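Visitor: Listed below, chain by chain, are the residues.
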Amino acid sequence: MAHSLTHGETSLPADWRDLFALTKPRVMSLVVFTALCGLLAAPGTVHPVLAFSSILAIALGAGASGALNQWYEAGLDAKMKRTAGRPLPAGRLDPQTALQFGVGLAAFSVFLMLFASNWQAALLLLASILFYVFVYTMWLKPRTPQNIVIGGAAGAFPPLIGWVAATGSIAPLPVLLFLLIFLWTPPHFWALALFVRSDYAAAGIPMMPVVAGEKSTRRQILVYALIMAAAAIAPWPLGYAGALYGWTAVLLSALFVILSVQVGTRMAREGDTMQPEKRLFAYSIAYLFILFGAVVADHWWPL
Amino acid sequence: MTEPVNDIPEPFDEAEYRRRQRARANLMALLLGGLAVLFFFITIAKLTVLK
Numbered sequence: 001m002a003h004s005l006t007h008g009e010t011s012l013p014a015d016w017r018d019l020f021a022l023t024k025p026r027v028m029s030l031v032v033f034t035a036l037c038g039l040l041a042a043p044g045t046v047h048p049v050l051a052f053s054s055i056l057a058i059a060l061g062a063g064a065s066g067a068l069n070q071w072y073e074a075g076l077d078a079k080m081k082r083t084a085g086r087p088l089p090a091g092r093l094d095p096q097t098a099l100q101f102g103v104g105l106a107a108f109s110v111f112l113m114l115f116a117s118n119w120q121a122a123l124l125l126l127a128s129i130l131f132y133v134f135v136y137t138m139w140l141k142p143r144t145p146q147n148i149v150i151g152g153a154a155g156a157f158p159p160l161i162g163w164v165a166a167t168g169s170i171a172p173l174p175v176l177l178f179l180l181i182f183l184w185t186p187p188h189f190w191a192l193a194l195f196v197r198s199d200y201a202a203a204g205i206p207m208m209p210v211v212a213g214e215k216s217t218r219r220q221i222l223v224y225a226l227i228m229a230a231a232a233i234a235p236w237p238l239g240y241a242g243a244l245y246g247w248t249a250v251l252l253s254a255l256f257v258i259l260s261v262q263v264g265t266r267m268a269r270e271g272d273t274m275q276p277e278k279r280l281f282a283y284s285i286a287y288l289f290i291l292f293g294a295v296v297a298d299h300w301w302p303l
Numbered sequence: 001m002t003e004p005v006n007d008i009p010e011p012f013d014e015a016e017y018r019r020r021q022r023a024r025a026n027l028m029a030l031l032l033g034g035l036a037v038l039f040f041f042i043t044i045a046k047l048t049v050l051k
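Protein chains in written order, with this note's numbering: chain Z, 1 to 303; chain V, 1 to 51.
Don't take each hint at face value.
Unchecked claim - A short, non-exhaustive set of chain V residues, derived as facing chain Z with CB atoms under 7 angstroms:
| no. | residue |
| --- | --- |
| 1 | Tyr17 |
| 2 | Arg20 |
| 3 | Arg24 |
| 4 | Asn26 |
| 5 | Leu27 |
| 6 | Leu30 |
| 7 | Phe41 |
| 8 | Ile42 |
| 9 | Ala45 |
FYI, nobody ran anything at the bench for these hints, they're computed from the structure.
Remember, predicted model here, so these are calculated numbers, not experimental data.
Beta carbons: idealized from backbone N, C-alpha and C, even for Gly.
Extracted from the complex, chain Z is given alone in its bound form:
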């Protein structure tokens, strides 16, 4: 039996779990859920197989974006405690495999969307992948503290794509849902950035707390939370959603603003455990899940 193969000449094939981790599965769950809600809230019915395939295409597209993001940011990830254990900085995966996996998955996701749905949805999916990789990851993130404000658009695409996959056209409600995620992104990420600030500073990423300081970031979290609350409630008075969604949005957004006031009106002290910031970050995820669930519930079972 030949034992001449060495680590220097031949590396171990990537473990599939590392390839899976490259797709950021936790982020993907929110993407899949909001896309599904966009699809289910759309008028008319979609064949279940085509609906499943469209959501699968969106999930694969999101996974591809995550993989290409991790491929590009492997060096930065290695400098941050939160991300140092990822497959690339930890050395469990080689960059070439990650790049090929990301590009292949992206191409396949767009092809699947084109095959299962329509060219409009496929085009939007392609645009969201390119926006996330080139505009957010490569251009904005290392250059400006407004990175996640503008880059938030990438994460706001899924409900719009879900709707377009079902109908073939854009309508006001999915645009408002796009706007909601777009405005939700800054308070969500800045709450996180406040309690992992040193990580971002070590990696040289110009996140808002690192560049503009803690006080300014806290004030902006509050401002964005107020605008986001208005955008979240807007579909109700505008007539694009009913009372079930409206009351859910009012109550959940009120709580979001209360938590943001707690974050926006304080300053961290020596040895602070940052509980209000962690609470806002955790709540913001639940907020989006419940609110999008309410969009669907309101469409199928209006009050």
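Mind docking chain V on chain Z? Use the hints.
Guide: The following block gives chain V in isolation, referenced to the frame of chain Z:
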């Protein structure tokens, strides 16, 4: 005089190499099979919708 350089490669773990190869091959077979089934049902669904 030069120090002897310790550049002897680590012994290659062939069992681990084969295990990963097998795991990936099995997964690839499953994915390709799943895709074939999915594409079949998408085609049927599109024909049904067109009718």
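Visitor: Against each hint, give a clear statement of whether it holds in the structure.
Guide: Status of the hints after comparison with the structure:
| no. | hint | verdict |
| --- | --- | --- |
| 1 | Tyr17 | holds (6 angstroms) |
| 2 | Arg20 | holds (5 angstroms) |
| 3 | Arg24 | holds (6 angstroms) |
| 4 | Asn26 | violated (9 angstroms) |
| 5 | Leu27 | holds (5 angstroms) |
| 6 | Leu30 | violated (10 angstroms) |
| 7 | Phe41 | holds (5 angstroms) |
| 8 | Ile42 | holds (5 angstroms) |
| 9 | Ala45 | holds (4 angstroms) |
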